[in-house]
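Enquirer: Listed below, chain by chain, are the residues.
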Amino acid sequence: MLKINNLHASIEGKAILKGINLEVKPGEVHAIMGPNGSGKSTLASVIAGREEYEVTEGSVEFQGKDLLDMDPEERAREGVFLAFQYPIEIPGVSTTNFLKTALNEVRKHRGQDTLDAVSFLKLMKEKMKLVEIDQSLLSRSLNEGFSGGEKKRNEIFQMAMLDPSLSVLDETDSGLDIDALRIVANGVNMLKTPEKATIVVTHYQRLLDYIVPDFVHVLYQGRIVKTGGKELALQLEENGYDWIKEEVANA
Amino acid sequence: MNKELQNPEIEQDFKIAFDTLEKSIDANESSELHLKRKAAFDAFLKLAIPHAKNEEYKYTNFRKALAKDFSLQKLSSKSDKFEKSDLDQFPCQTFDAYKVVLVNGVLRTDLSSLPENDNAITIKGVKASGEQVFSTLLDENIISEPDAFVALNTAFLQDGVIVEVAKNQQIGKPVVIYRINTGDFEGLLTTRSLVKLEESASLDVIEFTVNTKGNDRKTFQNHLTEVRVAANAQLSYYKVQDEGEASHLVDNTEVVQYRDSVASIYTFTLGGKLVRNNLNISLEEEHIQTNMYGLYPVKDKQHVDNHTTVDHKKAHCESNELYKGIMADKATAIFNGKIYVRPQAQKTNAFQSNNNIVLSDHATINTKPQLEIWADDVKCSHGATTSSVDPEQMFYLQARGVGKSSAQRILLRAFAAEIFEKVKFEELREYLGKKMDTLIG
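Each protein sequence line maps, in turn, to chains A and B.
Taking numbering that gives the first Met the number 0, the leading residue of the first sequence gets 0, the next gets one more, and so forth.
Taking numbering that gives the first Met the number 0, the leading residue of the second sequence gets 0, the next gets one more, and so forth.
Hints are not guaranteed to be accurate.
As the list claims (entries may be wrong) - If you want the ones that stay clear, here's a sample from chain A, every Cβ over 12 Å from chain B, calculated:
hint : residue
1    : Lys-13
2    : Ala-82
3    : Asn-103
4    : Met-158
5    : Pro-163
6    : Gln-204
Stated by the list, open to error - Taking lysine-lysine and the DSSO-like style, the derived pairs with C-alpha atoms no more than 27 Å apart in a straight line are:
hint : chain 1 : residue 1 : chain 2 : residue 2
7    : B       : Lys-67    : A       : Lys-99
8    : A       : Lys-107   : B       : Lys-52
9    : B       : Lys-312   : B       : Lys-337
10   : A       : Lys-107   : B       : Lys-300
11   : B       : Lys-421   : B       : Lys-298
12   : A       : Lys-107   : A       : Lys-64
13   : B       : Lys-80    : B       : Lys-63
14   : B       : Lys-217   : B       : Lys-52
15   : A       : Lys-64    : A       : Lys-128
16   : A       : Lys-107   : B       : Lys-337
17   : B       : Lys-300   : B       : Lys-367
18   : B       : Lys-98    : B       : Lys-14
19   : B       : Lys-300   : B       : Lys-346
20   : B       : Lys-378   : A       : Lys-99
21   : B       : Lys-378   : B       : Lys-434
22   : B       : Lys-403   : A       : Lys-64
23   : B       : Lys-172   : B       : Lys-421
24   : B       : Lys-403   : A       : Lys-99
25   : B       : Lys-329   : B       : Lys-298
26   : B       : Lys-367   : A       : Lys-99
27   : A       : Lys-99    : A       : Lys-17
28   : B       : Lys-80    : B       : Lys-346
29   : B       : Lys-313   : B       : Lys-367
No lab work stands behind these hints: they were computed from the structure.
Don't be surprised by glycine CBs; every beta carbon is placed ideally from N, CA and C.
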């Protein structure tokens with residue numbers, strides 16, 4: 000589904016990603032872990048198409064198409080979804096308000112009929128249950144005055160609505176209390192199908208108790224320096240990242 | 000006349016037009032209205048069309064603008080060709096409203112729907128009221144400093160409309176005024192409106208300054224609205240300016256308010272090559288509330304200049320001002336907001352805010368708050384912001400599959416929402432929203 004090959008990216012001339020190789024197949028859950036500043040969020044941003052990052056080398060293929068050649072909205076329509084680490088506030092725009100435009104543009108792209116107000120509302124009600132989100136929240140200005148948990152639940156709600164084939168969760172767990180974390184993780188798990196894949200970017204192992212990964216990758220200094228199964232996450236939880244840094248230094 | 004002025008032919012052209020008007024209306028030389036018009040024209044010649052060195056017109060050089068192939072010698076042509084079906088192109092036709100239709104400055108009672116034998120509200124043209132009545136009302140509410148365009152408006156006055164609401168009368172349906180420029184002539188177009196609310200009266204006015212679709216020749220329009228809001232009266236006045244791409248427009252609005260009254264003035268500038276709005280509001284007594292809202296989405300080489308003045312003369316009054324602009328292409332916008340707080344105006348609350356979004360590197364905004372405060376126990380604030388569309392917000396929407404232009408439209412709508420949500424009439428709100436979508440993005 001996703002093939003990242005020797006990806007190099009920089010921001011304002013500073014190299015952040017220095018040769019990422021990663022392949023994600025349908026049905027798989029990949030966790031990307033690593034110390035702060037290792038490039039985890041940069042990787043998520045480059046996949047979603049954030050303009051500030053310049054790809055200097057390498058390629059990203061998504062379902063056989065060149066992802067790097069697409070605008071962010073094209074990527075979303077093709078089925079890539081980024082759950083933001085820090086969902087931004089947009090005063091005067093409610094989730095309901097922009098999501099109908101978003102969903103219908105996505106559906107059009109996928110050759111599906113656009114939804115009228117009634118069917119949109121019906122779909123919304125169904126997906127709201129997944130993340131236990133209240134409709135009144137969705138009618139308010141996006142993320143304005145939302146709690147941390149509400150912001151992240153809203154991200155997962157939008158993910159459920161847009162039905163992506165590849166979801167990238169960028170530190171969705173940071174700053175969440177255990178209840179919010181459980182709700183978010185539960186939502187993600189319920190959306191899982193054999194055709195869909197998930198990349199979970201996280202600093203903490205805690206989330207992986209709820210979203211169980213098939214692979215864990217450790218990102219350090221812009222490269223994936225170690226790949227393992229879910230037990231690698233536990234090892235990192237116990238021993239921290241220092242032993243990884245030492246391994247890299249000694250290599 | 001000042002001999003050092005550039006393009007002195009401008010005033011000479013106005014003189015020719017004035018003489019033509021004098022002949023055409025066959026005026027009684029000694030009538031009061033006639034004398035007023037003559038005196039106003041003399042005053043205009045002394046003031047002259049302002050140039051860029053005039054501080055009030057620093058960024059809007061009318062001498063330069065009007066020197067370029069304007070037929071200032073000509074007056075607007077008669078409007079006989081304009082028929083009832085021609086009204087359909089303009090918004091709010093289905094409104095349950097009193098309708099006032101001014102075509103090329105002339106009140107067309109045949110196209111208007113005016114109240115008849117109504118004790119609550121009267122709407123009349125100048126001719127119907129008689130020169131005498133109009134003459135005594137004229138200039139009564141002009142409170143601003145001498146201004147060339149105000150003088151010019153009085154000098155060229157041919158027809159106009161007087162709206163009066165009697166004491167204690169709440170008028171349930173709005174008065175919709177269409178100031179229509181047929182756009183098939185070049186020359187001067189002048190209108191005058193008087194709106195008077197007696198004590199404890201209330202009224203909503205929606206005023207469209209528009210031109211006939213497809214016709215868009217160079218006109219110089221000079222409109223003046225005098226508004227008087229007596230004690231405890233309430234007025235909402237929506238000005239919607241949607242002129243053609245060749246039109247030059249000066250729109251003066253002079254408002255005088257008395258004790259416990261509330262006035263809200265909305266100014267939406269959606270079209271026109273060059274638009275200058277002078278909104279002057281005088282708070283004569285205590286406990287008055289004034290709201291001023293403005294929205295100007297501009298593009299191409301449009302030039303829109305909003306000058307507002309609110310003069311707090313007595314204590315315990317409140318004024319709120321919020322103007323928002325969106326500038327695309329090579330457009331220019333000017334905002335100048337004056338707040339005077341006189342020595343007696345203690346406990347004044349005066350708030351002003353001007354926010355702008357600039358969509359292009361070639362667009363310009365000049366914004367200047369101007370507060371002059373002589374009282375010492377007041378709350379006054381002002382702020383101006385200018386920014387581009389937030390790239391983070393754009394990316395967020397795009398990352399959800401919303402295309403770039405839709406995303407921009409959503410964000411600009413949200414920016415304007417603060418103004419739109421204050422518009423009481425849903426149909427008007429929808430019209431403004433749709434119009435803005437087509438203008439920008």
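Enquirer: Taking the hints in turn, state whether each one holds.
Expert: Going through the hints against the structure:
no. : hint                     : result
1   : Lys-13                   : holds (19 Å)
2   : Ala-82                   : violated (10 Å)
3   : Asn-103                  : violated (9 Å)
4   : Met-158                  : violated (10 Å)
5   : Pro-163                  : violated (9 Å)
6   : Gln-204                  : holds (27 Å)
7   : B:Lys-67 with A:Lys-99   : violated (49 Å)
8   : A:Lys-107 with B:Lys-52  : violated (56 Å)
9   : B:Lys-312 with B:Lys-337 : holds (14 Å)
10  : A:Lys-107 with B:Lys-300 : violated (36 Å)
11  : B:Lys-421 with B:Lys-298 : holds (24 Å)
12  : A:Lys-107 with A:Lys-64  : holds (19 Å)
13  : B:Lys-80 with B:Lys-63   : violated (33 Å)
14  : B:Lys-217 with B:Lys-52  : holds (25 Å)
15  : A:Lys-64 with A:Lys-128  : violated (34 Å)
16  : A:Lys-107 with B:Lys-337 : violated (50 Å)
17  : B:Lys-300 with B:Lys-367 : holds (21 Å)
18  : B:Lys-98 with B:Lys-14   : violated (34 Å)
19  : B:Lys-300 with B:Lys-346 : violated (43 Å)
20  : B:Lys-378 with A:Lys-99  : violated (43 Å)
21  : B:Lys-378 with B:Lys-434 : violated (36 Å)
22  : B:Lys-403 with A:Lys-64  : holds (21 Å)
23  : B:Lys-172 with B:Lys-421 : holds (18 Å)
24  : B:Lys-403 with A:Lys-99  : holds (15 Å)
25  : B:Lys-329 with B:Lys-298 : holds (7 Å)
26  : B:Lys-367 with A:Lys-99  : violated (39 Å)
27  : A:Lys-99 with A:Lys-17   : violated (38 Å)
28  : B:Lys-80 with B:Lys-346  : violated (55 Å)
29  : B:Lys-313 with B:Lys-367 : holds (25 Å)
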